[in-house]
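Add chains B, C, D, E and F to chain A, keeping to what the hints say.
Protein chains: 6
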Amino acid sequence: MSKLVKEFNDYRSKMNDKILADNNKVIKRIFNLDTNAFAEGALDVATKELLGLVASTVLRCDDCVKYHLESCYKAGVSKEKVIETLSIATLVGGTIVIPHLRKAYEYWDELENQS
Amino acid sequence: MSKLVKEFNDYRSKMNDKILADNNKVIKRIFNLDTNAFAEGALDVATKELLGLVASTVLRCDDCVKYHLESCYKAGVSKEKVIETLSIATLVGGTIVIPHLRKAYEYWDELENQS
Amino acid sequence: MSKLVKEFNDYRSKMNDKILADNNKVIKRIFNLDTNAFAEGALDVATKELLGLVASTVLRCDDCVKYHLESCYKAGVSKEKVIETLSIATLVGGTIVIPHLRKAYEYWDELENQS
Amino acid sequence: MSKLVKEFNDYRSKMNDKILADNNKVIKRIFNLDTNAFAEGALDVATKELLGLVASTVLRCDDCVKYHLESCYKAGVSKEKVIETLSIATLVGGTIVIPHLRKAYEYWDELENQS
Amino acid sequence: MSKLVKEFNDYRSKMNDKILADNNKVIKRIFNLDTNAFAEGALDVATKELLGLVASTVLRCDDCVKYHLESCYKAGVSKEKVIETLSIATLVGGTIVIPHLRKAYEYWDELENQS
Amino acid sequence: MSKLVKEFNDYRSKMNDKILADNNKVIKRIFNLDTNAFAEGALDVATKELLGLVASTVLRCDDCVKYHLESCYKAGVSKEKVIETLSIATLVGGTIVIPHLRKAYEYWDELENQS
Chain A
111 MSKLVKEFND YRSKMNDKIL ADNNKVIKRI FNLDTNAFAE GALDVATKEL
161 LGLVASTVLR CDDCVKYHLE SCYKAGVSKE KVIETLSIAT LVGGTIVIPH
211 LRKAYEYWDE LENQS
Chain B
111 MSKLVKEFND YRSKMNDKIL ADNNKVIKRI FNLDTNAFAE GALDVATKEL
161 LGLVASTVLR CDDCVKYHLE SCYKAGVSKE KVIETLSIAT LVGGTIVIPH
211 LRKAYEYWDE LENQS
Chain C
111 MSKLVKEFND YRSKMNDKIL ADNNKVIKRI FNLDTNAFAE GALDVATKEL
161 LGLVASTVLR CDDCVKYHLE SCYKAGVSKE KVIETLSIAT LVGGTIVIPH
211 LRKAYEYWDE LENQS
Chain D
111 MSKLVKEFND YRSKMNDKIL ADNNKVIKRI FNLDTNAFAE GALDVATKEL
161 LGLVASTVLR CDDCVKYHLE SCYKAGVSKE KVIETLSIAT LVGGTIVIPH
211 LRKAYEYWDE LENQS
Chain E
111 MSKLVKEFND YRSKMNDKIL ADNNKVIKRI FNLDTNAFAE GALDVATKEL
161 LGLVASTVLR CDDCVKYHLE SCYKAGVSKE KVIETLSIAT LVGGTIVIPH
211 LRKAYEYWDE LENQS
Chain F
111 MSKLVKEFND YRSKMNDKIL ADNNKVIKRI FNLDTNAFAE GALDVATKEL
161 LGLVASTVLR CDDCVKYHLE SCYKAGVSKE KVIETLSIAT LVGGTIVIPH
211 LRKAYEYWDE LENQS
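Protein chains in written order, with my numbering: chain A, 111 to 225; chain B, 111 to 225; chain C, 111 to 225; chain D, 111 to 225; chain E, 111 to 225; chain F, 111 to 225.
Please note: incorrect hints may appear among the correct ones.
Unchecked claim - A few chain A residues that don't get close to chain F, going by computed Cβ distances all over 12 Å:
hint: 1; residue: M111
hint: 2; residue: K113
hint: 3; residue: D120
hint: 4; residue: N126
hint: 5; residue: K128
hint: 6; residue: D132
hint: 7; residue: F141
hint: 8; residue: A152
hint: 9; residue: D173
hint: 10; residue: L221
Unchecked claim - Heads up, simulated DSSO-like pairs for lysine-lysine below, C-alpha to C-alpha not over 27 Å straight-line:
hint: 11; chain 1: F; residue 1: K116; chain 2: E; residue 2: K124
hint: 12; chain 1: F; residue 1: K113; chain 2: F; residue 2: K124
hint: 13; chain 1: A; residue 1: K113; chain 2: F; residue 2: K128
To be verified - Per label pair, the in silico range of CB-to-CB distance:
hint: 14; chain 1: B; residue 1: T145; chain 2: D; residue 2: K135; range: 49 to 59 Å
hint: 15; chain 1: A; residue 1: A131; chain 2: F; residue 2: D172; range: 24 to 34 Å
hint: 16; chain 1: F; residue 1: K138; chain 2: B; residue 2: N133; range: 20 to 30 Å
hint: 17; chain 1: A; residue 1: S123; chain 2: B; residue 2: K128; range: 51 to 61 Å
hint: 18; chain 1: B; residue 1: N133; chain 2: C; residue 2: M111; range: 47 to 57 Å
Calculated directly from the structure, the hints in this document are not laboratory data.
This one's a predicted model, so the numbers in the text were calculated from it and none came from an experiment.
Glycine included, every Cβ here is placed at the ideal spot set by N, Cα and C.
Pulled out of the complex, with its shape left as it was, chain A reads as follows:
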């Protein structure tokens, strides 16, 4: 696995474990809901991940973008679809999205190159 991808996932797992170990009911349920919301329903998993990606990008949350890029990658979404999603995010969210677009491109490259 690429170093960037591994570091992101390791820190994420380690801290999620700490948070969930604390047994705060509200936080635990929000984590559970996250799994629920992105499961297949009327919309398929790939579409939902693109929805998560565009939301994360316009809200300019780099870690959320990485997470959804990785889920898109695992769900077999094509780069072309990912880029179109990011282009909508950049138009809707404006040029302040561009620094996050740079990091998104970098992370996607790492995902593609790690295999």
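Below, chains B, C, D, E and F alone, put in the same frame as chain A:
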């Protein structure tokens, strides 16, 4: 057409005409790009409208939500898919999204009831 | 009850009923969590409502501000504590919070004057 | 004076008076600072008002936009400069700024037509 | 002191000194107001710090979160109260708050472990 | 050139090249518009860069702040004008802007010291 839908569209058209009549190059091109970005590409129109809807909802822009709800409605997207998209927006964007969810439900009802 | 307070609560109830009638699991659970998160725990209800108020104010959500002002009022929080909370919100969130401060003052007045 | 301009200013004055009558030290000082920050310094008043306008627009605060449009108008800033400022706001802040652009255009028209 | 805590505080102090040395009246007064706003009043210091914490968290400002966590820690606020405050922030602000929750947990651990 | 300035510019160039190589029409046009919007028009380049700076600062985008600080520096804008612009951003955007103010001061110092 429902009164709410008509009022929104009339004001939107009237003001867009004024803005575009001004011939500011940057603004005109952003308006053009908006048409481009939501046209069919690697992703189909319905998926792109759902992406526009989730982005508008987490950014809490009622008018943008109305606009994309209407485009979804015209593109034949089912209410179920629209609601799943709004549920993702509410989870990602938090409970401050709920007041916008209320208005989105109201507008969707108007769209369905006007025919 | 004051007209402003009544209209806000009526619209809120009517639309919440419509949303919950739809049985979207993610949305329903977020609504339930909202009740949970503001129930007494390590922090008492009044403090939690002030936390909800400051969060709503810096995020500039007028309807959320109204909701938490009303809960504060019902929990017997003094106007002085509410104003100190709003002053922190204005400092942290900046002068763009001021238009929402105006509406918060107006709504608090209505709450006090309705009895 | 146009009805839209008058209503905005009347509500703003009435509520500002109520807020300041409350003597919360933090809030009063923020109001004072606002006057200070937009007074002539290394930058002239017109430039500062355009800075206030672009900040208000990207933060999507309609009332703040109205306030700075009115100050620009009184400071004799040309419509062309105002529009260029709004075009930068729309590019930086994205298409979610457009609904606020519509209201800004409407308010500027009212300001020009009231004399 | 833990390395993470020390680095944060050292950089913060060094840059604050530079900023204040510049004698910009508006910026200096905002810094002063910050001290004022969080001093004991109708609300005690601990409650005000929790208000600062929830505001910083929903606005997703990691450095502000660290600052208020440290003030909470010094004011003797229990971890349980801090976590309940963060849970409200996560619910109100949505899952995009989660990456900031991870960093908040990490920083609180450092604060507890440094003694 | 200072290390901080060089690293920022190198990463920015490298990733922009990757993004533009992808030939997504919407993204390419947004990049082009960025050049257009900040070119001399009714407003001169220096004023437009200050508009870009204040917008980036209230939106709390460190990379955008760096970019506009550098353009201001190259356009010969005085430190005093830059600081007044940042003071307006801090007042309008609130104390959550302060961590970004620290980084802005640091970057401006690097720009001044690199020659």
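Hints and how they fare:
Even its closest Cβ contact with chain F, about 21 Å, leaves M111/A beyond 12 Å, as expected for a residue assigned away from the interface. The Cβ of K113/A lies farther than 12 Å from every Cβ of chain F, with a closest approach of about 16 Å, so its non-interface assignment holds. Separation of D120/A from chain F is adequate, the least Cβ-Cβ distance of about 23 Å exceeding the 12 Å criterion. Distance to chain F confirms N126/A as a non-interface residue, since its nearest Cβ pair spans about 25 Å, more than 12 Å.
No Cβ of chain F comes within 12 Å of the Cβ of K128/A; the nearest lies about 24 Å off, and the non-interface call holds. D132/A, annotated as away from the interface, keeps every beta carbon of chain F farther than 12 Å; the closest lies near 26 Å. No Cβ of chain F approaches the Cβ of F141/A within 12 Å, the least distance being about 26 Å, so the stated non-interface status holds. Consistency note on A152/A: stated as away from chain F, and its beta-carbon is indeed over 12 Å from all of that chain's, at 27 Å minimum.
No beta-carbon of chain F comes within 12 Å of the beta-carbon of D173/A; the shortest separation is about 16 Å. Residue-level check passed: L221/A sits 14 Å from the nearest beta carbon of chain F, beyond 12 Å. Restraint check: the Cα-Cα separation between K116/F and K124/E comes to about 23 Å, which is no more than 27 Å; the hinted pair holds. For the hint linking K113/F to K124/F, the alpha-carbon distance of about 16 Å falls within 27 Å, and the restraint holds.
At most 27 Å may separate the alpha-carbon atoms for a hinted pair to count; K113/A and K128/F meet this at roughly 20 Å. Separation of T145/B from K135/D is about 51 Å and conforms to the stated range, judged on CB atoms against 49 to 59 Å. Between A131/A and D172/F the CB atoms are about 32 Å apart, so this pair conforms to the stated range of 24 to 34 Å. Checked against the hint of 20 to 30 Å, the pair K138/F and N133/B passes, with Cβ atoms roughly 23 Å apart.
Between S123/A and K128/B, the C-beta spacing of about 53 Å keeps the proposed range 51 to 61 Å intact. Separation of N133/B from M111/C is about 51 Å and conforms to the stated range, judged on CB atoms against 47 to 57 Å.
Going through the hint list in order, the structure satisfies each hint without exception.
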